[in-house]
Amino acid sequence: MTASGLFEASTPVHPDVHLLDTDAGPRVLLADGSRLFGVGQALYDRIDAARRDPDPRAVDVLLADLGLDAPRQVDDLAPAPPPVRALSLAVAQKCNLGCTYCYARQGDFGGPAKNMPEATAFAAVDTLFRDAAPGERVNLAFLGGEPLINRPVVRAATDYAVTVSRRTGIPVTFSITTNGTLLTPEDGEFFEAHGFAVTVSLDGVGARHDLLRPHRDGRGSYRRVMDRVAPLLAVQRRMQVSARVTVTPLNLDLPRTLDEFTAAGFHGVGFSPMLSSPTGQGEMELPELAEMLEQMTACGEEFLRRALAGRRYPFTNLVTALREIHRGTHRPYPCGAGAGYLGVSADGDLSACHRFVGDDDGAMGDLATGPDDAKRARWLTDRHVHRQEPCSGCWARYLCGGGCHHEVIRRGRPACDYIRGWLHHCLSVYSRLLAARPDYFAG
Amino acid sequence: MSDERIDPMNLTAQLHYSAAGNPPSTLPESAISNAYPGLEFDIRNIWRRLLVGIELHEADNYVVSADAGHERLVGRRLLTVADHDVIGGLVGPTRPGAGSGPLTTPTNPDGVTMLEWSNSLADVLARHVGQAVPCLFTSGPAPNPVGKPAKLPDPGFEVVELEVRPLFATSAETGDPLAVIAEEMAGPGDLTRGLCSPWQNDYRECACYYWAASRPDYVNVEDTAAGTTTGNHWFAKDREPRVYVLDNRFDSRLVSYDDLFQDWQGRLRFIVGGDDAPEHLDPEADGR
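Protein chains in written order, with the UniProt record's numbering: chain E, 1 to 443; chain U, 1 to 288.
If you're looking for bench data, these hints aren't it; they were derived computationally from the structure. Heads up, a few of these hints could be off.
Coverage of chain E stretches by chain U, computed from C-beta distances (three or more under 8 Å per stretch; other residues unrestricted) [said to hold, decoys possible]:
#1 31-38
#2 41-52
#3 61-71
#4 110-122
#5 425-436
Okay, the calculated beta carbon distance ranges per label pair [unchecked claim]:
#6 U:P177 / E:T163: 49 to 59 Å
#7 E:D21 / U:Q262: 48 to 58 Å
#8 E:D23 / U:D85: 21 to 31 Å
#9 E:A436 / U:Q131: 36 to 46 Å
#10 E:R166 / U:S171: 23 to 33 Å
#11 E:P171 / U:D258: 51 to 61 Å
#12 E:G310 / U:G187: 39 to 49 Å
#13 E:P134 / U:P177: 16 to 26 Å
#14 E:A442 / U:T94: 13 to 23 Å
#15 U:S100 / E:G370: 42 to 52 Å
Heads up, the beta-carbon is just placed ideally off N, CA and C, and yes, glycines get one too.
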């Protein structure tokens, strides 16, 4: 289906019901609980009529009649701030690249460049374990800037977290997001030993990447990154090395990018549209989002071809979406920011996530006094998808969660059509894959 | 499939779907699938084989059978597992208005009872799967309840190391636990074998209005000139004479367990408006 076809097919008609005409047959998605049903054509037509009925009770009456009403899974109440289970440390608020669109303004978040002291990183680890409830696991993430500029603190904080984990019995997992230019084989061994999830920012193949992610002096970085990632790709067993592709109008070449990185041996490849940059540079508008959607669906079709043949294709966006659709994941937030996940600045200030470092909009206390639960509670209340517009009228609200807080606060929601079109496509792929290869979802 | 079909596809759809004709109790959130025989399953059965080598009674801390090497444990009572008690003291008043005290009887001199397995063993399951844990048994057969000794060692008790089985099956593909109870814990039919069977059993068992057994009692009732009534017990094999036989499972005028197990569908009758329904409805006669 073309992007315009997907835009049209996924236009919101009723907040609680979405209908899909898939190759595997008519489908009904009930937003509440993200419940997906296959239906006969006559029933599809009745539900379609009900969702277009001016009487707002028509859908409720029909769903009750069909036995499809269920207790509300998401209410208006924000949860109390949960224990913090994940922290990302901005271990280096500086970077050796000069990416044009960077939310961190080339790494320093618009302030002086700085490294996080070891003591601050250790204090963050203490906070992470102190707030974890028994039986939970915690995640320690390293971001920046470019975290490997401050490699000693990455290593020291990791070792310290392992020590605390052994003492408390609370398991810890690690992740790092890097531009890849500073990676060494020794880093690979360290990450492998600790089972890191390694995300490498790679915005395309060759010249396209170089255009968007140059060194500060203008030199390209693609060849260097691929050379430095290669040893990690070769040894990854416990660790998983993934590519994250930020999509701008200049690198709309997704199938080739996906194939290239898959062939290189990345464990996963994910695409994310550039929706908000400090300078406005590189931001996607509707025509580019339409083109991106067509390329995403092309990647999705290739995924489906391979999955039907029993082969792996690490197209992360779709793999994740299929898993969430199968489970019926429904959520009033797009992510754990401000809830179970917080960002830590080099100075030890806490924020809603790694993008809000140094930003008053997402300030959440500091390591010395601990997470500010009053601010977290207000954040969770204000950011609940039921309090967002136009989310409250959208069928996709519990699959989407309302969009990245940082992008929404900075730019609004320019990508709703894209997100709905993509989710519509994912629901179709799910329907087809479930019919043809139910074993894909077993276990 | 008809054009009106509904097929719940993903997991939340399946969990919350109420199929046409199914009562609300078929949904997991409202089912009676609890720690006592209901109509869904008896969860107590999953605990019987938690400890490798022995099989426990589903409702008692009593060893009912054992594998080779552990035969001597049959008939004994299990008191603790990995330092978790599986029995507790009974305390309460013995007559109205009296204070609480130990509830002992001649057959239960220690005044103890078995704790429900899900409460007493869940923590053991959570922490010790695959490990051998110390289990405290009586040192000989104990048909009646027995309390814990004041201190150990005690010649009346014996500690035996037994391994804790995983509750869930493991994926052959990934080695990860599956959301399926392992067959070593409960084989096919184990979870449902003790459930209510109203037609064959509970109608005979319970004369009360227990939900699984509520049934007709006094049927074919007619007033008499004397101002009393005559009628039949629903279980009367013969409806003549029209007399109410007091319920007694040994009275040969009433259907017995054996009768029901052999031919419940022939013995039990539909009652319409308080009277036996005609044996055969003739569709032609009333125009249907």
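Run the structure past the numbered hints and jot down the numbers of the failing ones, going up. Checked against the structure, the hints that fail are numbers 4, 6, 8, 12 and 14, while the rest are satisfied.
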